[in-house]
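Respectively, the protein sequence lines represent chains A and B.
Under our numbering, the first residue of the first sequence carries the number 1, and numbering increases by one thereafter.
Under our numbering, the first residue of the second sequence carries the number 1, and numbering increases by one thereafter.
These are calculated hints, taken from the structure and not from any lab test.
Among the hints, erroneous ones may be present.
[Claimed, not checked] 30 Å max Cα-Cα, derived BS3-like pairs, lysine-lysine: (1) K9(A) with K99(B); (2) K70(A) with K42(B); (3) K92(B) with K57(A); (4) K2(B) with K57(A); (5) K99(B) with K70(A); (6) K42(B) with K14(A); (7) K83(A) with K2(B); (8) K42(B) with K2(B); (9) K70(B) with K2(B); (10) K92(B) with K71(A); (11) K57(A) with K70(B); (12) K9(A) with K57(A); (13) K42(B) with K83(A); (14) K71(A) with K42(B); (15) K42(B) with K9(A); (16) K70(A) with K92(B); (17) K99(B) with K83(A); (18) K57(A) with K42(B); (19) K99(B) with K71(A).
Predicted, not measured: the structure shown is a model, and the values here were computed from it.
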Amino acid sequence: DGGITQSPKYLFRKEGQNVTLSCEQNLNHDAMYWYRQDPGQGLRLIYYSQIVNDFQKGDIAEGYSVSREKKESFPLTVTSAQKNPTAFYLCASRVTGSGEGQFFGPGTRLTVL
Amino acid sequence: QKEVEQDPGPLSVPEGAIVSLNCTYSNSAFQYFMWYRQYSRKGPELLMYTYSSGNKEDGRFTAQVDKSSKYISLFIRDSQPSDSATYLCAMKDAGNNRKLIWGLGTSLAVNP
Chain A
1 DGGITQSPKY
11 LFRKEGQNVT
21 LSCEQNLNHD
31 AMYWYRQDPG
41 QGLRLIYYSQ
51 IVNDFQKGDI
61 AEGYSVSREK
71 KESFPLTVTS
81 AQKNPTAFYL
91 CASRVTGSGE
101 GQFFGPGTRL
111 TVL
Chain B
1 QKEVEQDPGP
11 LSVPEGAIVS
21 LNCTYSNSAF
31 QYFMWYRQYS
41 RKGPELLMYT
51 YSSGNKEDGR
61 FTAQVDKSSK
71 YISLFIRDSQ
81 PSDSATYLCA
91 MKDAGNNRKL
101 IWGLGTSLAV
111 NP
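Sequences are here, hints too, so could you generate the full structure?
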């Protein structure tokens with residue numbers, strides 16, 4: 001089955017620690033995205049990547065970093081510089097050049113204690 | 001003013017009702033319009049996708065786009081308890097293939 005996987009589903013970390021969230025897709029999509037979702041604030045774009053080895057900052061990139069070494073993978077690192085990291089993180093992918101929508105993974109709930 | 005406005009609800013209806021969900025937008029360049037359904041603690045699922053104006057129907061779901069009024073709607077016929085979720089609208093222009101602009105989502109509860 002084609003799709004997007006995110007792991008882990010729940011993640012707990014101590015304040016001040018970096019943490020990496022995994023996102024893998026086997027849809028052969030070129031573009032991948034990371035969003036953060038907080039209650040009452042909708043989806044906010046953190047980073048996106050159109051092709052391998054290239055990525056751009058979204059609207060709230062401060063305190064986050066990404067890499068895109070493989071087409072299938074787009075991991076997100078939440079660094080200790082992110083002031084309020086507790087949130088629901090969503091990864092998505094899309095065929096570039098298409099007007100169609102993005103397809104989402106199941107999400108990772110990160111709680112920083 | 002936000003580029004996309006969506007009433008957060010919550011909206012509560014009895015089973016079998018017709019549900020109308022709406023978004024308004026300010027950017028006349030938007031050409032692609034999407035509706036997503038999100039169950040609690042899950043990723044959003046693409047329900048409907050429409051290009052430019054007009055209607056699109058898929059089973060119990062109908063998406064409408066009125067570009068002259070900058071208004072989009074999602075209608076759900078014969079609503080079911082399984083339709084209880086948050087519905088998000090999203091849209092983008094033809095020139096920017098990268099970023100979707102999102103509404104905040106409307107929470108819907110369909111009561112048996």
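So, going through the hints one by one against the coordinates:
no.	hint	in the structure
1	K9(A) with K99(B)	25 Å, holds
2	K70(A) with K42(B)	25 Å, holds
3	K92(B) with K57(A)	18 Å, holds
4	K2(B) with K57(A)	20 Å, holds
5	K99(B) with K70(A)	21 Å, holds
6	K42(B) with K14(A)	24 Å, holds
7	K83(A) with K2(B)	24 Å, holds
8	K42(B) with K2(B)	25 Å, holds
9	K70(B) with K2(B)	13 Å, holds
10	K92(B) with K71(A)	24 Å, holds
11	K57(A) with K70(B)	28 Å, holds
12	K9(A) with K57(A)	24 Å, holds
13	K42(B) with K83(A)	24 Å, holds
14	K71(A) with K42(B)	24 Å, holds
15	K42(B) with K9(A)	10 Å, holds
16	K70(A) with K92(B)	27 Å, holds
17	K99(B) with K83(A)	24 Å, holds
18	K57(A) with K42(B)	24 Å, holds
19	K99(B) with K71(A)	19 Å, holds
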